[in-house]
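**Student:** Chains as they are written, first to last, in our numbering: chain A, 1 to 211; chain B, 1 to 405.
Check each hint, because a few of them may be wrong.
[As the list claims (entries may be wrong)] Cut-off 27 Å, straight-line C-alpha distance, at most; resulting in silico cross-link-like pairs (DSS-like, lysine-lysine): (1) Lys38/A with Lys232/B; (2) Lys213/B with Lys38/A; (3) Lys213/B with Lys232/B.
[As the list claims (entries may be wrong)] Derived DEER-like restraints, expressed as beta-carbon distance ranges: (4) Asp18/A with Asp14/B: 26 to 34 Å; (5) Pro188/A with Gly208/B: 37 to 45 Å; (6) Thr138/A with Ala248/B: 33 to 41 Å; (7) Ser247/B with Ser6/A: 52 to 60 Å.
Because the hints were derived from the structure by calculation, they are not lab data.
We put the beta carbon where it would ideally sit given N, CA and C, even for glycine.
So the chains spell out like this:
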Amino acid sequence: MTGAESHPSLQTMERYLDETLPDFEQDALEDHLSECAKCTETLHRMNALLFSGFTAKSHAAALAAEEFQNDPLANALRTAQQIYAQYASTLSGWLDTAAALWGASPSSPWGELGVVPVHSQPDTPLRVLLQPDETRATVHVHRTTMTVIVTLQARSTALVLLFEKEPGTAIFAAPLEPGHEDSAVTFPAVPKGEYYLAVAPPDLTTEQRKE
Amino acid sequence: MEHEFDDLPPELKDALERMLQEASGEAGRQTAYAVIRRENEIWPMVQRLVEEAENDAEAAIAFDPLWIAIRGQIRATIRANLRRKDDEYVDEIEQKTAMEVLRKLAEFSIEKGTFLVWVRGIARNLARWWRTPGIQGTEIELSPSDPNQDRSLPPSACFEELLRWVQEREPHHATVFLLHQYLEWLPAEIADELGDKTIGELASLAVGEIRKKIRGLEKERSVFARLLMKAKALGDVRLRDLYGDESANDALSHWSSGVARWMRGQVIGSGKRLLIGVCELRAGAHERLTFLWSRFLRRTLDDLCPLATETLLTILVVFRTDFPKLSDLTPAQVEHCSESLKRDILPGKTLAQCSRGNLAEDLIVWRERIQDMVVAKCEDWNVVAYAYLCGALPGIVGPAKGGVA
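Next comes chain B alone, as it looks inside the complex (with noise of 0.2 Å):
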């Protein structure tokens, strides 16, 4: 593929080195690969309008074909970071997107990145500017506290789950987690007011604002038990006693976003479990098959029935070969958890076969079958949070007062 780049401007040779050395793995490479091919397709028109930009007639001549060009990826970056699945608001973000170009077009620097990597950038920042709360004078997102918005919220046994994870970590760390993530006090708060408790009296005025909050909070003191215990262990030591060589605020924020990740960490890396466990349910190797293809894959049941003919065993190698690369598991791994549904399939039994007539409605029966089963297993197999994830575990619908869930 190298060569077919042999050709290109050496503005871009060097971008496309550079983003190269930035890039995440092998599917970062070939991201670079295929940002740089759509940049080449657009170079001449970039450079026209980067030589107009002192004129602005001539500019603005320069500008719409580019702009017409590249608009769509313009309004895909727009979409994806208000958050809304309608078009609302995405045509004057689009226009301000176009005006801020225009407006900063001498500030366009290859060395930086390409023209249509730094002209996203311009679109994303307004689309996050507009969507946080208050700025525009409207909230575009509803927030999720708002208990008759229509949206899905995840089940409340995703939260509990997550609470009992966070304690694993160092109870200064899970306790101003809680404080600044979950409970949504800002570092400067925590400092000012907390700062002089020790360790334990923090753990346990955070459980305390917690049961507050949570009324439905089941056992709550069971729930936190273990970060009680954690920072009553601590003795005397208090809040301000541990932020080292860092101040208040940055070691709150850094205490705080570092379980944050590590609590992102464990939900997506729960997915072995949670793949271990329905390859070894007790039921049908097709609607296992079925259910892997639609919640593990992420690909439609619809493109599934093309395969009607083919071996349930060719569909469990496109399983093993794909799955590897939506996961953080090796090849080897996933065929290791995969291998008592390769034990259930009869050889050279199809996708047809296993169906009464009706393959697409047989489909989603099948998938919904094993959904059941995984919503009634996965507690057992404490892995809530990744079967929310990945669709197995249905959001709550609906509102939490008023209308027909």
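So here's chain A without its partners, still in its complex pose (with noise of 0.2 Å):
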């Protein structure tokens, strides 16, 4: 067993594992990984998973991580990351936040705080007005296409997310344009369907914007 070409079977490396190979052997397979990834890699998943790694801990870490590999915000900031990517260190700082505001309300991530009020008239742009310490909001868009002028009561220059339930379609971002006592930012031509809207953390301040 000395080049990368003969890979020690998967019996080998649960004795290795187990501590039952002959000390020779054991050197022999150690040698082996040593300059062969792919069985490196094999070892790890197989203690990961048949050795030290068979734990309810690792499984409940396995249910969260999938849980928030599925989260519509987490997803939502992922692909904007990759359209947005002046934004990058932003929303990856903000992503760090949502998480963090998940896992504090599993249950109930879109509260009732969450939803605002959003006034709507025929041939009027969709108007969402946003508390200073509101962070989220459900938006219904339900013309073809809708101006929506999203008004934040306080002054700020926080990135502004609108994300479509529907995972991987339709994402807008833009920053906050602070006015005298308040704050908007407006996406023209939004599309018909429901949103998340999502306002960056206080925390994160223009110059981290600007990185």
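Starting from the two chains in their separate frames, assemble the complex, guided by the hints.
**Tutor:** Listed below in structure tokens is the structure:
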């Protein structure tokens, strides 16, 4: 077992992890591992599932990771990160915060506090009014396309993200423009659909966004 | 090959004999020959070091060239046992190994093993000791329970599959395994706190604990229905009634390790079903072959490119020849399992003929396509865990909270 081509069998790897392989065969396997990334990976996988990793803690961590990866906000942010590369560092930090919020209230991520009134009249833009401490909203665009104006009742240059509930579909991101007492951002021509709206946490400064 | 070893020093000849008796099959025998060949190269230096063991200054002079000759292998052992990708701590443990070797030199005896095997044993113990949480005040390998670490976890479907399999075992063995390995209770705790409980009560307790810890485990009642039913069928039998002649600790440890070994055997042995499943997929023969090459033979796709002008049938023959060495399947079984793939191969068709121009890129696309099909199907085949082991089922990458996966 000296070359990368003669890989050890899974049974040999199992005996290695079980510490029942003769010493000299352990040595040979370790020599092989030092030059074979594929077998090293296989060994790590075996250890992670069948040896020290088969625990309720790992199981719970895997479930939590899967839940996070399927999370609509996390997915939208990942997609947005690819589209809006210039905001990558801000969105990455934002994703951390969003995930933390998710962890804090997993059963009701879009609870009552997240839903704010949406004012809409025919032929007028859809207006979303956010209180200074509000960071989320659900938005229903009921015509073919609409202009969505988000107003935050505080001076801020935070990023606002508008993304469809269906993962991987339409995503809009733009920074708030601070006015005299509040801030606003306009998303023109948003297509019909159900959207989530999220505002970057206040601790993300303008300097961070410029990175 | 045996003639090559006719001129060995008698000590090494004896060592070879002992190793051949201990070897696991033909692969182990070949390894024994390779180890003795290597030991023979360094043997004069080893002898000199052993002769100078009593004289520190001379021993140090004899030690340096020997260490230079073997340090690459020592470091391989350290690295493998630290289970780290980088070289942090390797230098430090190498140095500790060298000092330990010099300190214990008088204990070395070729009758217990070759010099290199002895030194690597010391390095292995030091690396494992180093890896153990708490001992060095630092935990090298991050705990799988830490959701913020950047590591790959097995998909939850793997855990669920294994939890179902475990229930095939006797209910008291399966329950103790769940408490000991999965819920991380110590055998002594189980014996002290639960020895008087019936197996039915014990199983209910274990399932309840799991339910508390695994919030997302869907339909946990049905996941453990088999265990609960079997445990209940044992009636009033208490845990302590089943220890037999063993102490409580020994019995519980044996039951738990027995289930763990059985479970591992089940997973590793399920490659046959995955192989049949992959070979029967409705996809191009070249795609399935590429997948088998990468995931079952553990070879890189770069190694497949030079075979572009070979026929698919030739590549299948390579697979059929080499895969039995990596599995517990016989050549005849591998041939039987891959028969449906062979039937789909057009005679004379080469790998290059299947490509649209850039074979290296196509190979990746073909492998990923089959991988996607495997991921979608493998729960039907009930070989989720094996698919994860061979790399066909991607791990859960990234932290549970924060960061971008």
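**Student:** Now look at each hint and say whether the structure bears it out.
**Tutor:** How the hints compare with the structure:
no. : hint                               : in the structure
1   : Lys38/A with Lys232/B              : violated (45 Å)
2   : Lys213/B with Lys38/A              : violated (33 Å)
3   : Lys213/B with Lys232/B             : holds (23 Å)
4   : Asp18/A with Asp14/B: 26 to 34 Å   : holds (28 Å)
5   : Pro188/A with Gly208/B: 37 to 45 Å : violated (55 Å)
6   : Thr138/A with Ala248/B: 33 to 41 Å : violated (57 Å)
7   : Ser247/B with Ser6/A: 52 to 60 Å   : violated (44 Å)
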